[in-house]
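Go by the hints and put chains B and C onto chain A.
Going line by line, the protein sequences match chains A, B and C.
Take 0 as the starting number for the first sequence in numbering that gives the first Met the number 0 and just add one per residue.
Take 0 as the starting number for the second sequence in numbering that gives the first Met the number 0 and just add one per residue.
Take 0 as the starting number for the third sequence in numbering that gives the first Met the number 0 and just add one per residue.
Simulated from the structure, these hints should not be mistaken for laboratory data.
Mixed in with the good hints there might be a few duds.
A short list of chain C residues far from chain B (calculated; beta carbon distances all over 10 Å) [what the hints assert, rightly or not]:
#, residue
1, N56
2, Q62
3, G124
4, V243
5, P315
Partial chain C-side listing against chain B, Cβ under 10 Å, derived [stated by the list, open to error]:
#, residue
6, A224
7, H236
8, N240
In this text, all values refer to a predicted model and were calculated from it rather than measured experimentally.
Glycine included, C-beta positions come from ideal geometry on N, C-alpha and C.
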Amino acid sequence: MISEKRFLRRFQESDFLYDFKRSPVTIVSFAVVVVLFLLAVFAELVAPTNPFDVGSLNLMNGFTPPMQPNAFTGEVFPLGADNQGRDLLSAIIFGLRVSLFVGLTAVILAMVLGVSLGLLAGYRGGWVDALIMRAADIQVTFPSILIAMLIFGVARGLLPPSMRDELAILVLIISIGLSEWVPFARTVRGTTLVEKEKEYVQAARLIGLSSRQIMLRHILPNVLSPVLVIATITLALAIIAEATLSFLGVGAPPTEPSLGTLIRIGQDFLFSGEWWILVFPAATLLALALSVNLLGDWLRDILNPRLK
Amino acid sequence: MTDSILSVRNLRVVIPHRHGKLVAIDNISFHIQRGEIIGFVGESGAGKSMTGAAIIGLIDPPGYIERGEIWLDNLRIDQSVRGDAILIRGKRISMIFQDPLTSLNPLRTIGDQLMETILTHLPLSAEAARKKAIAGLEEVDIDPSRFGAYPHEFSGGMRQRVVIALALCAEPELIIADEPTTALDVSVQAQVLDLLKRLCRERGASVMLITHDMGVIAETTDRVAVLYAGRLAEIGPTQTLLSNPKHPYTRGLIASTPSVESGDIGTHLFQIRGTMPRLDALPPGCRFHPRCEQIMARCRSEQPEVAENGAACFLYEDD
Amino acid sequence: MFLIILRRLGQSVFVLFLVAFISFMIFRYVGNPVDNLLGQEATVEQRDALIEALGLNDPLHEQYLDFVTRAVQFDFGNSYRGALPVADMILERLPATLELAIVSALFAMILGTLLGIYTAIRRNGLLANFIMSSSLIGVSLPTFLIGVLLIWLFAVELGWLPSFGRGETVQLGFWSTSLLTVSGLKSLVLPAITLGLYQMTLIMRLVRAEMLEVLRQDFIRFARARGLSERVVYFSHALKNTLVPVITVAGLQLGSIVAFAIITETVFQWPGVGLMFINAVFFVDIPVMSAYLLLVGTLFVVINLIVDLLYLAIDPRIRDGQLRRKVDD
Chain A
0 MISEKRFLRR
10 FQESDFLYDF
20 KRSPVTIVSF
30 AVVVVLFLLA
40 VFAELVAPTN
50 PFDVGSLNLM
60 NGFTPPMQPN
70 AFTGEVFPLG
80 ADNQGRDLLS
90 AIIFGLRVSL
100 FVGLTAVILA
110 MVLGVSLGLL
120 AGYRGGWVDA
130 LIMRAADIQV
140 TFPSILIAML
150 IFGVARGLLP
160 PSMRDELAIL
170 VLIISIGLSE
180 WVPFARTVRG
190 TTLVEKEKEY
200 VQAARLIGLS
210 SRQIMLRHIL
220 PNVLSPVLVI
230 ATITLALAII
240 AEATLSFLGV
250 GAPPTEPSLG
260 TLIRIGQDFL
270 FSGEWWILVF
280 PAATLLALAL
290 SVNLLGDWLR
300 DILNPRLK
Chain B
0 MTDSILSVRN
10 LRVVIPHRHG
20 KLVAIDNISF
30 HIQRGEIIGF
40 VGESGAGKSM
50 TGAAIIGLID
60 PPGYIERGEI
70 WLDNLRIDQS
80 VRGDAILIRG
90 KRISMIFQDP
100 LTSLNPLRTI
110 GDQLMETILT
120 HLPLSAEAAR
130 KKAIAGLEEV
140 DIDPSRFGAY
150 PHEFSGGMRQ
160 RVVIALALCA
170 EPELIIADEP
180 TTALDVSVQA
190 QVLDLLKRLC
200 RERGASVMLI
210 THDMGVIAET
220 TDRVAVLYAG
230 RLAEIGPTQT
240 LLSNPKHPYT
250 RGLIASTPSV
260 ESGDIGTHLF
270 QIRGTMPRLD
280 ALPPGCRFHP
290 RCEQIMARCR
300 SEQPEVAENG
310 AACFLYEDD
Chain C
0 MFLIILRRLG
10 QSVFVLFLVA
20 FISFMIFRYV
30 GNPVDNLLGQ
40 EATVEQRDAL
50 IEALGLNDPL
60 HEQYLDFVTR
70 AVQFDFGNSY
80 RGALPVADMI
90 LERLPATLEL
100 AIVSALFAMI
110 LGTLLGIYTA
120 IRRNGLLANF
130 IMSSSLIGVS
140 LPTFLIGVLL
150 IWLFAVELGW
160 LPSFGRGETV
170 QLGFWSTSLL
180 TVSGLKSLVL
190 PAITLGLYQM
200 TLIMRLVRAE
210 MLEVLRQDFI
220 RFARARGLSE
230 RVVYFSHALK
240 NTLVPVITVA
250 GLQLGSIVAF
260 AIITETVFQW
270 PGVGLMFINA
280 VFFVDIPVMS
290 AYLLLVGTLF
300 VVINLIVDLL
310 YLAIDPRIRD
320 GQLRRKVDD
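For reference, chain A alone in the conformation it holds in the complex (with noise of 0.2 Å):
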């Protein structure tokens, strides 16, 4: 198609690679994200063992030190191995796996639902936007973590114990997703109120397109760039959220470990000297988190120059 033509065209002229080569602060963390992503998704090829297949552990593995072969088996781990004699390297690249996914997928909840409610709310105006907002209004009083724990509480008290662990994913998914659709709500609804009011809205009315074209065709792509960096600090936000659930206990299943859940586990060995059981899901963590939240400061600016 032409416009994408167009649009590559744009983006290779814009300020936007251009201040993207300038910022090495953000070349890093674009690749630091890059680098983890991948790990994630190729987890199966790249860690050194599979670390939830119980057959192959050996509990006389537990607590070898990173770099140094065990005393026993004379196995060694490049980041040591856990309280279970697990590999610390490929809990902790499955455990991105899980943080990634949930992330990702809540903040993808989280958009459709936001940029939805925003549109109906900015386009229909009356009492349905008074409604959207008003809930927004009431909801941002609240703390998200707060609102992702009282969800996840909830919906564990409906579903039936046995299935608790089952969609505790699922779950997590909903909660953090339903606790971070105002920013996107608002940012939308603001857009399309000026937008709507301008010409070719109008003149889109007049020749009798429909509300839901006009929103999806030609008001959409008008809020394309703020979504994206409100989406881009949300997936910090969402990762933070559920690894702190996961800490907490009340996230991912032990069955399906998160770096929050691994450094939970490690926790419990800081008295007794085993450092690395915590350090080195918690450094994964800081550098995905940081990353991210770099990124899309970067973006704000990039995209936002008003807000610099």
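Only chains B and C this time, still in chain A's reference frame:
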């Protein structure tokens, strides 16, 4: 020239940026006499406001004075360190800005802001300062009962009068008025200008009036300086300059101003062709030459300086 | 002005009723009071009798009114685990949470404001830039990780401060305080920093951004042109104008501190209501969850109301209804 309150010599102000630096003011010299009202006129970006900011020492960073001298009486003030600047700013020179709506702190009463200024500069007791503040308000025709009112409770014209009271309350010798009436309704513009003019005349204070309005210049000022793209184009007594402009730019500026008296209504106004160049794309030679009707060969390569006759133009050099 | 206060009060009551309604729905429909009181082996007759006794057959609005009436009298029913009255559990644990939250909030607000002003005034200074860069790490660092890392450094490696619990407490009437004993104060240091650090960085960044915004305004230029000293310009003119938005966010942050206390209390095994709540989520103890929601909801509404009233006190334009309160987006 013993009677000049302020003299500016070869002033050059630059703004550093990514690819080098922009010269916002280039080699401007002038002086202001005690008690006179001098107008500074030019298009936006010509350097009028920057000249005012340079004099009062409030150039927005990263801009700075690269060269030149500014003398207040016999005190050099362009290099003032912070402490000295305070003694001059507000006390000997004060400034009025364009927008009275935003010049006052919205969270403090006007009386509070007046008292604060008076107590900063004058050795008065709180009671005496209060009396002076109230007298200042009365002078600008604001009822002293409004002493405890907040800025948002006043109209635009009233707020600008409060601003004038604030600028005058420490009895400065020079007031820089940067487009003081541009943001106001036309009907109150003349009123505010008359007030400013009257109060300064009474006190013998000089006014540097920055404007883009030739009409205001004609009615208010004693002398006028025309700025173009960071340089002085022409300077001289208002009467002479208006009746006999020498620089082609001044001529264009005057010709493009509508005049109600001369029955210009409905007739086609003169326009100077083209636009003023941006500071990052200045032409070589005389900066006005691409738009000049009387361009000569040397205008393209040489920069004219202000001559005896007050104009920076080669037209009058007969060599 | 009284009209504005009255309207805000009305909105607060509305939100309170809404929060109560959600708590009620959770209490009534998510949990199953009958199963939990009787166990699985009860006969149908026993169940019907209990349903009748609990009023579960009454119309919904009556049940809701009943729920609110009892909540106002601080009766939230019994916990599923241990069968203790939820109200007693909350009362016993509330002082611990409030002391932790208030100390953290003070730490966050005072240090955050000071650092925010400093980094705004010395915008391009070396130290200011360093503080700003490290604050980004602070924002990315999850609360629980801060806690864990502090424990590692100050409790495990250096052994200076305790890593869990409240230390010794002193009973003042019904209020048990750890602020009056040495071990209590020592125990408070790490949790308070953990809880306050994130809010501190947020407040600092906000104060800095607002301060820079205010410093760009004309009235600051005019204040300088009037010859006011830099100190007066910064503290007497800029700071007060900065405070308006900062108070809103700081107030809302106070609310988040109570919520984030859940995490801090879990990391440090701090015996407060947050730890109680997370255990309730884990064990699906519905009455405790519902009561906690109501408690925190009320607290938030009250804080919001106070923030609005502070607003009126600071900005005369809002007092006169000229300026509407900016929503924090």
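- Query: What hint numbers does the structure not satisfy?
  - Reply: The structure conflicts with hints 4, 5, although it agrees with all the remaining ones.
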